[in-house]
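One-letter residues, chain by chain:
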Amino acid sequence: MSDGRDGVPGATRDSLPHEPRWPLLYGAVLTELAILIALFYAFTKAFS
Amino acid sequence: MRPIDWVVLIGTLVTIVSYGVWKGRHKKNLDGYLLAGRQLQWPTIALSIMATQASAITFLSTPGQAYADGMRFVQFYLGLPIAMVLLAIVAVPIYHHMKVYTAYEYLEGRFGPKTRVVTASLFLAQRGVSTGLTVYAPAVIVSLLLGWNIHITNIGIGLLVIAITVGGTKAVSRTHVHQLLIALAGMAVALTIAIHSLPSDISLVDALHVAGRMGRLNAIDFSFNLKTPYNFWSGIIGGTLLMLSYFGCDQSQVQRYLTGETVQQSRLGLLINGMIKVPMQFFILFVGAMVFVFFQFTAPPLFFNSAARNKVVTTRYAVQYAELEQTHAATFEAKRAGMREMLAAMHAGDGARADAVATRVRALQTTDADTHKAAADLIAKADPIADTNDTNYVFLSFVIGYFPAGVVGLLLAAIFCAAMSATASGLNALTSTSVVDVYRRFISSDANDRDCVRMSKMLTVFWGLVSIGVGEFASHVGSLIEAVNRFGSFFYGTILGVFVLAFFFNKVGDVAAVSGAIVGQIAVGLCASFTNTAYLWWNVVGCVVGVVAALLIQTMLPPHRNPTAPIVSMP
Numbered sequence: 193m194s195d196g197r198d199g200v201p202g203a204t205r206d207s208l209p210h211e212p213r214w215p216l217l218y219g220a221v222l223t224e225l226a227i228l229i230a231l232f233y234a235f236t237k238a239f240s
Numbered sequence: 003m004r005p006i007d008w009v010v011l012i013g014t015l016v017t018i019v020s021y022g023v024w025k026g027r028h029k030k031n032l033d034g035y036l037l038a039g040r041q042l043q044w045p046t047i048a049l050s051i052m053a054t055q056a057s058a059i060t061f062l063s064t065p066g067q068a069y070a071d072g073m074r075f076v077q078f079y080l081g082l083p084i085a086m087v088l089l090a091i092v093a094v095p096i097y098h099h100m101k102v103y104t105a106y107e108y109l110e111g112r113f114g115p116k117t118r119v120v121t122a123s124l125f126l127a128q129r130g131v132s133t134g135l136t137v138y139a140p141a142v143i144v145s146l147l148l149g150w151n152i153h154i155t156n157i158g159i160g161l162l163v164i165a166i167t168v169g170g171t172k173a174v175s176r177t178h179v180h181q182l183l184i185a186l187a188g189m190a191v192a193l194t195i196a197i198h199s200l201p202s203d204i205s206l207v208d209a210l211h212v213a214g215r216m217g218r219l220n221a222i223d224f225s226f227n228l229k230t231p232y233n234f235w236s237g238i239i240g241g242t243l244l245m246l247s248y249f250g251c252d253q254s255q256v257q258r259y260l261t262g263e264t265v266q267q268s269r270l271g272l273l274i275n276g277m278i279k280v281p282m283q284f285f286i287l288f289v290g291a292m293v294f295v296f297f298q299f300t301a302p303p304l305f306f307n308s309a310a311r312n313k314v315v316t317t318r319y320a321v322q323y324a325e326l327e328q329t330h331a332a333t334f335e336a337k338r339a340g341m342r343e344m345l346a347a348m349h350a351g352d353g354a355r356a357d358a359v360a361t362r363v364r365a366l367q368t369t370d371a372d373t374h375k376a377a378a379d380l381i382a383k384a385d386p387i388a389d390t391n392d393t394n395y396v397f398l399s400f401v402i403g404y405f406p407a408g409v410v411g412l413l414l415a416a417i418f419c420a421a422m423s424a425t426a427s428g429l430n431a432l433t434s435t436s437v438v439d440v441y442r443r444f445i446s447s448d449a450n451d452r453d454c455v456r457m458s459k460m461l462t463v464f465w466g467l468v469s470i471g472v473g474e475f476a477s478h479v480g481s482l483i484e485a486v487n488r489f490g491s492f493f494y495g496t497i498l499g500v501f502v503l504a505f506f507f508n509k510v511g512d513v514a515a516v517s518g519a520i521v522g523q524i525a526v527g528l529c530a531s532f533t534n535t536a537y538l539w540w541n542v543v544g545c546v547v548g549v550v551a552a553l554l555i556q557t558m559l560p561p562h563r564n565p566t567a568p569i570v571s572m573p
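Here the protein sequences line up with chains A and B, keeping their order. Numbered according to my numbering, the first sequence spans residues 193 to 240. Numbered according to my numbering, the second sequence spans residues 3 to 573.
I should point out that these hints are in silico values taken from the structure, not numbers from a laboratory. Heads up, none of these hints are tricks.
Calculated cross-link-like contacts (lysine to any residue; reagent style SDA-like; alpha-carbon spacing at most 25 Å):
#, chain 1, residue 1, chain 2, residue 2
1, A, K237, B, I278
2, B, K101, B, Q266
3, B, K229, B, N534
4, B, K101, A, W214
5, A, K237, B, H349
Note that the structure is a prediction, hence the values are computed from the model and not measured.
Sequences are here, hints too, so could you generate the full structure?
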């Protein structure tokens, strides 16, 4: 339930009812970085 | 500035500041004042972290950087996601476990008072100067281009920030959310207008080809070169260490995630920052690349700093400057014709001809760069303290010159919001460090919460006035910003080394840590003075040399026993 304390829609005190699976989250951040580097490289090559 | 622009600008600023003042009322204890009662949730933490790093100069200067040098600056941020993951694993649980107010408070528990004093002092000196420049830098650019009084602009921004920051960390973090959203909305509008302002026969794909062929979409460069400021390797290695130091050891960022209600909330705030920051910087740089394309079909001024330009034409260099402007205009016409010829060849599927024309246009681009350099030299001769780096003026000149009524006000509001958000975090962190690491630790250790909150408010006003004062004394903004950036990078690696020792090496004590930091700092000084190594690598040198030196020095000292602060592992 949102209590609006953060001034951000959807921000709630109970927003994390369970312990997140941290290794998956860390992996997601690093995977996104790898994908971005690949996309940026493709972007660089496509228009050079 | 038209009346509707003033309405949008003043309306936005009054709303933001009123909201911050309202959110900051009724703070009676230090936890509530400095750490928002440790109640904030991850969305606010993430946006507050991003708003702290994204100052007005980010929004003014980054598009200009892409205009002048292409998008390779995005590689500066490649280490950020890696740093966020490492800090979420290592630093967040330790800081939360100790319930510290500042990062330097942790160091006393781990080493002793000497290390705390050294690191807190370095922070106060460096942040005190750089916070003043986060106010002054946009103030001088806005006032020069709009003809405003620089002193009134500088003092005005400073007072608005003090009004928000004196309400405490909760007010700062909550207003960050709105400030960042306004700033990003302004950039989205700018990108839309830049693309729609292109000639009707130039499509977005054509624009991308023009930018790419002129070297403005060079986002990734895998070549390894220690002297190149931005490439993949300096971003991944040097950038990771710089971001570890900035987000893990600089109180202006540490304070943002110490406000998290739990370790989970703080970690998620950092990780979301790690996921959003790189695409966000790419987007801001892409705006600059599109501004570059716009000025391939619409004649740009020879020099974007209009105040410096107006000054040189009143001096004995006026004739020479007029000749350079003629050369610039002729080069522009030749370039524009070349661009159209290149696109026509591409549309006709004649790749060889397109390549040949692109080579010719790039040569014209080099000629124009030489003309620009000659103009900057003339301006420097006419006015030795003029800002001869006009990169920071490109984006705002584009906004003022080509945006419709009302949107100019929105973009200025976005820039002011960014200035206030970064400055508020700086003041907030300076206050925390002054109160917790100096006042309560060494001056009045028996001060109660009420005294500390009162002192915090007074110190917020004090640091705000210092920031305004730094701006008032700064007369040569271009070189000063560079000096402060280099000054910050100069110390970050060494400070990170101290925190690495604290987190991972429990046998290292106070004396070895401080001695190692001194050796690391000397190594950075030698590197900066006697080599051409790009400044991102200084972070690697300071950290590695500092850690190795401290470990060696510790072998010659009595064992360090019984640290009261936790560490990650005990090798």
